[in-house]
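There are 2 protein chains.
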Amino acid sequence: MRRWNGWGEESTSVALPEQGAAFLAARIGAGRPLPDASLDSVLARVPASRLPPHPLWATAADDRLRHARGQSLPDWLAMRSGDFGVFPDAVAYPETATQIRELLALASAQDLSLIVYGGGTSVAGHITPQAGDRPVLTVSLARMNRLLELDQSSQIATFGPGANGPQVESELRAHGFTLGHFPQSWELSTLGGWVASRSSGQQSLRYGRIEQLFAGGTLETFAGPLQIPTFPASSAGPDLREMVLGSEGRFGILSEVKVRVSRLPAQEHFHAVFLPSWPQALDAVRELAQARVPLSMLRLSSAIETETQLALAGHPRQIAWLEKYLGWRGAAQGKCMLTFGVTGNPRQNAASLQQAKKLLRQAGGVFTGTLLGRKWAQSRFRFPYLRETLWQAGYAVDTLETATDWSNVDHLLHRIEASLRGGPGGEPIHVFTHLSHAYGEGSSLYTTYVFRAAGSYADTLARWHTLKQAASRTIVEHGGTISHQHGVGRDHAPYLPVEKGALGIAALQALASHFDPERRLNPGVLLQP
Amino acid sequence: MRRWNGWGEESTSVALPEQGAAFLAARIGAGRPLPDASLDSVLARVPASRLPPHPLWATAADDRLRHARGQSLPDWLAMRSGDFGVFPDAVAYPETATQIRELLALASAQDLSLIVYGGGTSVAGHITPQAGDRPVLTVSLARMNRLLELDQSSQIATFGPGANGPQVESELRAHGFTLGHFPQSWELSTLGGWVASRSSGQQSLRYGRIEQLFAGGTLETFAGPLQIPTFPASSAGPDLREMVLGSEGRFGILSEVKVRVSRLPAQEHFHAVFLPSWPQALDAVRELAQARVPLSMLRLSSAIETETQLALAGHPRQIAWLEKYLGWRGAAQGKCMLTFGVTGNPRQNAASLQQAKKLLRQAGGVFTGTLLGRKWAQSRFRFPYLRETLWQAGYAVDTLETATDWSNVDHLLHRIEASLRGGPGGEPIHVFTHLSHAYGEGSSLYTTYVFRAAGSYADTLARWHTLKQAASRTIVEHGGTISHQHGVGRDHAPYLPVEKGALGIAALQALASHFDPERRLNPGVLLQP
Numbered sequence: 000m001r002r003w004n005g006w007g008e009e010s011t012s013v014a015l016p017e018q019g020a021a022f023l024a025a026r027i028g029a030g031r032p033l034p035d036a037s038l039d040s041v042l043a044r045v046p047a048s049r050l051p052p053h054p055l056w057a058t059a060a061d062d063r064l065r066h067a068r069g070q071s072l073p074d075w076l077a078m079r080s081g082d083f084g085v086f087p088d089a090v091a092y093p094e095t096a097t098q099i100r101e102l103l104a105l106a107s108a109q110d111l112s113l114i115v116y117g118g119g120t121s122v123a124g125h126i127t128p129q130a131g132d133r134p135v136l137t138v139s140l141a142r143m144n145r146l147l148e149l150d151q152s153s154q155i156a157t158f159g160p161g162a163n164g165p166q167v168e169s170e171l172r173a174h175g176f177t178l179g180h181f182p183q184s185w186e187l188s189t190l191g192g193w194v195a196s197r198s199s200g201q202q203s204l205r206y207g208r209i210e211q212l213f214a215g216g217t218l219e220t221f222a223g224p225l226q227i228p229t230f231p232a233s234s235a236g237p238d239l240r241e242m243v244l245g246s247e248g249r250f251g252i253l254s255e256v257k258v259r260v261s262r263l264p265a266q267e268h269f270h271a272v273f274l275p276s277w278p279q280a281l282d283a284v285r286e287l288a289q290a291r292v293p294l295s296m297l298r299l300s301s302a303i304e305t306e307t308q309l310a311l312a313g314h315p316r317q318i319a320w321l322e323k324y325l326g327w328r329g330a331a332q333g334k335c336m337l338t339f340g341v342t343g344n345p346r347q348n349a350a351s352l353q354q355a356k357k358l359l360r361q362a363g364g365v366f367t368g369t370l371l372g373r374k375w376a377q378s379r380f381r382f383p384y385l386r387e388t389l390w391q392a393g394y395a396v397d398t399l400e401t402a403t404d405w406s407n408v409d410h411l412l413h414r415i416e417a418s419l420r421g422g423p424g425g426e427p428i429h430v431f432t433h434l435s436h437a438y439g440e441g442s443s444l445y446t447t448y449v450f451r452a453a454g455s456y457a458d459t460l461a462r463w464h465t466l467k468q469a470a471s472r473t474i475v476e477h478g479g480t481i482s483h484q485h486g487v488g489r490d491h492a493p494y495l496p497v498e499k500g501a502l503g504i505a506a507l508q509a510l511a512s513h514f515d516p517e518r519r520l521n522p523g524v525l526l527q528p
Numbered sequence: 000m001r002r003w004n005g006w007g008e009e010s011t012s013v014a015l016p017e018q019g020a021a022f023l024a025a026r027i028g029a030g031r032p033l034p035d036a037s038l039d040s041v042l043a044r045v046p047a048s049r050l051p052p053h054p055l056w057a058t059a060a061d062d063r064l065r066h067a068r069g070q071s072l073p074d075w076l077a078m079r080s081g082d083f084g085v086f087p088d089a090v091a092y093p094e095t096a097t098q099i100r101e102l103l104a105l106a107s108a109q110d111l112s113l114i115v116y117g118g119g120t121s122v123a124g125h126i127t128p129q130a131g132d133r134p135v136l137t138v139s140l141a142r143m144n145r146l147l148e149l150d151q152s153s154q155i156a157t158f159g160p161g162a163n164g165p166q167v168e169s170e171l172r173a174h175g176f177t178l179g180h181f182p183q184s185w186e187l188s189t190l191g192g193w194v195a196s197r198s199s200g201q202q203s204l205r206y207g208r209i210e211q212l213f214a215g216g217t218l219e220t221f222a223g224p225l226q227i228p229t230f231p232a233s234s235a236g237p238d239l240r241e242m243v244l245g246s247e248g249r250f251g252i253l254s255e256v257k258v259r260v261s262r263l264p265a266q267e268h269f270h271a272v273f274l275p276s277w278p279q280a281l282d283a284v285r286e287l288a289q290a291r292v293p294l295s296m297l298r299l300s301s302a303i304e305t306e307t308q309l310a311l312a313g314h315p316r317q318i319a320w321l322e323k324y325l326g327w328r329g330a331a332q333g334k335c336m337l338t339f340g341v342t343g344n345p346r347q348n349a350a351s352l353q354q355a356k357k358l359l360r361q362a363g364g365v366f367t368g369t370l371l372g373r374k375w376a377q378s379r380f381r382f383p384y385l386r387e388t389l390w391q392a393g394y395a396v397d398t399l400e401t402a403t404d405w406s407n408v409d410h411l412l413h414r415i416e417a418s419l420r421g422g423p424g425g426e427p428i429h430v431f432t433h434l435s436h437a438y439g440e441g442s443s444l445y446t447t448y449v450f451r452a453a454g455s456y457a458d459t460l461a462r463w464h465t466l467k468q469a470a471s472r473t474i475v476e477h478g479g480t481i482s483h484q485h486g487v488g489r490d491h492a493p494y495l496p497v498e499k500g501a502l503g504i505a506a507l508q509a510l511a512s513h514f515d516p517e518r519r520l521n522p523g524v525l526l527q528p
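So the protein sequences, as listed, match chains Z and C. Mapping the first sequence onto numbering that gives the first Met the number 0, position 84 (from 1) lands on 83, and the numbers just tick up by one. Mapping the second sequence onto numbering that gives the first Met the number 0, position 479 (from 1) lands on 478, and the numbers just tick up by one.
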């Protein structure tokens, strides 16, 4: 059973090792847990629906509660406290494109707002209903989750938009293919959500971001269905796929998604290497990307993230030995861990590995084999579960991410971290960053910050708000995009005009008016009213 | 001096070897040349301008004549016959973004239409002025052709939009960089034109299409400047670059273009290999693309193109020896030539070559070393000059191109060729095709057709029109895009609604109305009135 008030499956949890707790306590003080609301108490508080019963939707409190919030920290605090605020009036579970069209017609006829719901994993407030006169119908695509067609010659798979990561991969694997799209939310997030929010995966270096994987499909809009045929490439005017990618449900609801798939690789392994210092590590990663070494993933942890990861890994004796060895080889205080993957045929992989090793050794890199890489691969989707563990220990954790050109990466990283460290009221904040997507032009920056829950939910939310606002402003004022992989939602919408400009925002509004003249779809998401 | 009535520099010409002429005569009959109009006679026919003199534009007949036509076959026939039809009323040569804005303001104040002119190399009727009440001002960006900034760390170069291929590459080469964008029109076409028409280059397999190279810049529009910042990637809503790419001057005029550049490769070479048959060759190329063998270019000629190229190459004795050798090795009648490139560091190249050779040998490929590949590289921009030579011999030549998914490549190729071979009135047409851009999902198809000039210019144009219409219909009705690399212009605009759909076209019209409410920019291009 999926957790109603947090991440993932109830049966899965990740322990915080003793050293990890001590590490955090030393840095930001002991955590003070806040009490969780019970499911029953929250169910009792779900108000009556403003919508009449209908065969296409459910108005039961349980459905509405389980689709009311995503996974942003404000969502999390709402769920843990039980103060949900607004609930959707009903949840629809369409099974066909025709039913989606019926729902659009009903929304017009009955003056509804619609919220499009994929896996409910948004960390930017995409699916949170707002108070207003229009009843709110959340449209879950969970039942449209099948592989509908596979063109093995063209390597194009057609899926329902609601297929989540495991569903996509297991369907494809049966035919010897993979999509290769692995965001950290992979266990729950969906193909349609990835497309609508321009998602990126851990191995996008090889397989491409969702922009490169999305080949075509159908978007159901209030102006009719937008059918986008598949072509390997085209110069026939602006690309209609780009009106769907990043549209965040504002222009329409995907009913079918065609994606480019790959044959399963013959071989894949992940390596960990420690670089002596951040400047050396940064240069090495840039060089790997710009030399086009065909790696499948790259993740470079800052010195503080490296230290934090080693502390939270458990196994203190082995870690101590590792650090001794690294120190002896020149990677001591300030060392940075780089994890990278090679994926493909063994000959290709050997050539890629050879190139990477040569380049990293020149940068002072110390290789530690594939054990840490295997650990990373095994636990690659576990990180979100740690939020639960930390919460129970009295700590709130959130992440922020952006991307910028190489000439600005170091500057922006330090600005973001500084904006968070100078937290509210002198409260200590533990902040660390990694680069997880390296491009020829620049890199993503992914910053995690951990802070103690305040004395109440309201104060904890206020603490978060101060931090989030400071960091978001810093990002857009210092040459970063407001999101590299999480999307805009409601939380980032105020910052979007800085990067799109007034004219760019107006152009997006023009498209929204074209596809959804009465503004029923995801109001307030992406574009502020 | 650039030719006023054809392709390229007056000082450059490509000879048609005796065997080539005999080859064509045997297939489609002897050519019957039509007389060319003289420059003086055409200059005398340029009507008075409807525009008053202005410091920002020239109204001289010579300027107007030299910016009146592109390089489509109808343009070519207009230039050779001297029947230009409409001339622009003036040609502006802005040198700054401010001057572009002044021109936009003047266009509003004086009720003008504007045509944006890059290198004048359109083969789809992008720059041909139309008759109408509004005076026509052609805006040439030729003087905005400088490298303005180079961020070596982020590998981003900022250029004026009018920089042509040699200008772009020579500026970058001085700093050790390359853009790596080499369309066949490279000698004359411009960066702004590549962006506005979603261009692809011969080595896009390595460097990416212009969509991947275009990082940001400024589009001057009637609604104000659209400034697009550079990010390596972003999930912050729809990508504004995609409103510029393929906009073909309908939304605005580029005043600055930022592109992703690469360090000059340490090594580059091109190989030729002959496959015994088309089906084997097609499978092999698909496999190379889907296995992600890191090649920098791929060009697979059909059996007829292979035969034609060998006939037109001259050196009949050497070619006879080559064919003897190939036949002895199993590549006889029906053989297909594949040219491919490896570009990068020597170790990478060796690994790529090894993979390619293994795969191609399994498909029966016979390698002939790098001599033919070197020949290809030397003459890669010479093909357009051959049109001049063939024209003087009494033949018209045109090309058509599309892209489709692998499962449809063979079907579409045969349909297109059949639509052309069944030419007007039983006139024989020499038709051949190559695949020049291979993707995991599919491939481009590039078809050349040669036919005799008819007894008059009007009849020759009618012959072309019948052929072009038949092939264009075939493309869009059989799963191809109306263009993979040439763009839409006026010639392909009638076919665009088939692939974009009515709703897609309406969305693009909504954007055009947003940026250019009075429809002054390139009217009739991309979107029909």
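Just so you know, the hints here were simulated from the structure itself, not pulled from any lab data. Predicted, not measured: the structure shown is a model, and the values here were computed from it. Mixed in with the good hints, there may be bad ones.
Unchecked claim - Selected chain C positions facing chain Z (in silico; Cβ < 8 Å): (1) Phe230; (2) Gln354; (3) Glu517.
For every residue, glycine included, the Cβ atom is placed at its ideal position computed from N, Cα and C.
Hints that the structure is at odds with (numbers, increasing): 3
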